[in-house]
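Offset between the sequence shown (1-based) and the working numbering: plus 1356.
Read the hints as simulated data drawn from the structure, not as lab findings.
Keep in mind it's a predicted model, so treat the numbers as computed, not measured.
Some hints here could point you the wrong way.
[Claimed, not checked] Calculated lysine to aspartate or glutamate pairs in the EDC-like style (CA-CA distance at most 20 Å, straight line):
hint, residue 1, residue 2
1, Lys1470, Glu1389
2, Lys1441, Glu1389
3, Lys1470, Glu1427
4, Lys1441, Glu1409
5, Lys1441, Asp1452
6, Lys1470, Glu1392
7, Lys1441, Glu1405
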Amino acid sequence: MSRLSRIFGRRRPTSASSAEAPAPLRSSDRRRETMEHLVQFTRSRVGVESYIEPPTVDQPTTILLIASSGEWTRRRVPDAVAARKIAAEIGIPVYDVNFTGYPQRMRDWNSAHKRR
1357 MSRLSRIFGR RRPTSASSAE APAPLRSSDR RRETMEHLVQ FTRSRVGVES
1407 YIEPPTVDQP TTILLIASSG EWTRRRVPDA VAARKIAAEI GIPVYDVNFT
1457 GYPQRMRDWN SAHKRR
């Protein structure tokens, strides 16, 4: 084995490290976890609304839930149709960020809770 391939080559995981690594989540498990999180966020806060964020070069489509306090959470979704279905299942209004922009309460909350 050449010196460069030892430095830059990909190593195969050993059996011990691969046994310790958790199994990747299936699509259905990820969807269930996402729904649980969004439902919990909605139930534990007042005045939650959802906003659909379009995909960008480095981010997929996301759904953003914002409470009346400005606190928010964001999760990836397959597309805008899926985001609208999620909002309908939870029973909250849905808006498109391209048309409405982000609410001021979210910016205020972010300013008040910046990492120091």
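Okay, the hints, checked on the actual structure:
1. Lys1470 - Glu1389: Violated, at roughly 27 Å.
2. Lys1441 - Glu1389: holds (16 Å)
3. Lys1470 - Glu1427: Given pair lysine 1470, glutamate 1427 holds - Cα atoms ~12 Å apart, limit 20 Å.
4. Lys1441 - Glu1409: holds (15 Å)
5. Lys1441 - Asp1452: holds (14 Å)
6. Lys1470 - Glu1392: violated (26 Å)
7. Lys1441 - Glu1405: Cα-Cα ~14 Å, so holds.
This entry does not satisfy hints 1 and 6, going by the numbered hints stated previously.
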